[in-house]
Amino acid sequence: MRLLTIEALRKIDNAVVLGNTGVRTKNNRIQSAPSDDSPRRVLKGWIPDVGTVIELCRALEIAYDDMAAVLVTHIRRTAVENRRLPVDPSELRFLPAERFTMLEIPVLDFQETDVFQIHRVRCTGKLSFRNTGARNDWVWIQVGGLDLYGDLRGRTVARLLGLFKIGNVRAGAVSRLAMVQVLEPVNGGRFHEFSGHIRVRKRTTGRDVMIIEIGVVVG
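Note that the working numbering has the sequence shown beginning at 1, numbered continuously upward.
No lab work stands behind these hints: they were computed from the structure.
Certain hints may be false.
As the list claims (entries may be wrong) - 30 Å max Cα-Cα, derived BS3-like pairs, lysine-lysine:
(1) 202 <-> 126
(2) 202 <-> 44
(3) 126 <-> 44
Please work from the sequences and hints to get the whole structure.
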């Protein structure tokens with residue numbers, strides 16, 4: 001973990017920086033550019049064995065139909081109209097995609113307004129991490145407004161299942177996404193009366209796997 005100012009965050013080299021647009025480069029990587037000066041989440045640990053969404057599914061060992069279902073749900077719920085990925089699963093499978101194993105998240109340092117700690121979270125799928133087995137970290141994600149989930153203020157816990165980018169061929173843009181397994185807060189996200197803890201558990205209703213923008217991963 002390291003501390004960086006906003007200026008340092010703007011000068012990160014050899015990284016794919018979160019932005020709103022992107023195109024293929026000469027080496028067939030999807031290149032993106034930032035849209036403003038705010039600190040960005042950075043995808044790293046590019047894996048070269050993925051070129052399309054269907055290949056991404058094979059690499060993650062996820063059935064394409066399952067991936068398409070959660071991806072289409074994400075597109076319909078959150079995507080901006082003029083940058084939407086197609087909702088037709090037959091089109092999605094051939095879109096350009098890239099897989100990553102690490103996400104860097106700038107988090108404000110305690111009592112600071114312009115100094116950030118870089119939190120690094122890993123998602124290796126079934127690949128080993130430094131010869132110690134697979135590593136798929138738990139993260140905090142922002143799923144709603146501050147009035148949601150009581151003391152969690154719109155946040156909940158999720159486990160990373162995949163980190164990837166998908167190119168929007170029609171708009172020339174890129175979506176930076178994470179597949180996660182989401183837990184639900186117990187007691188509406190309020191502190192437990194006796195332990196003083198906030199508890200979470202596996203979802204009892206609805207789907208617990210979803211796709212999110214990496215921008216909602218907060219730590």
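We went through each hint and held it up to the structure:
1. 202 <-> 126: holds, 21 Å
2. 202 <-> 44: holds, 29 Å
3. 126 <-> 44: holds, 17 Å
Of the numbered hints given earlier, the model fails none.
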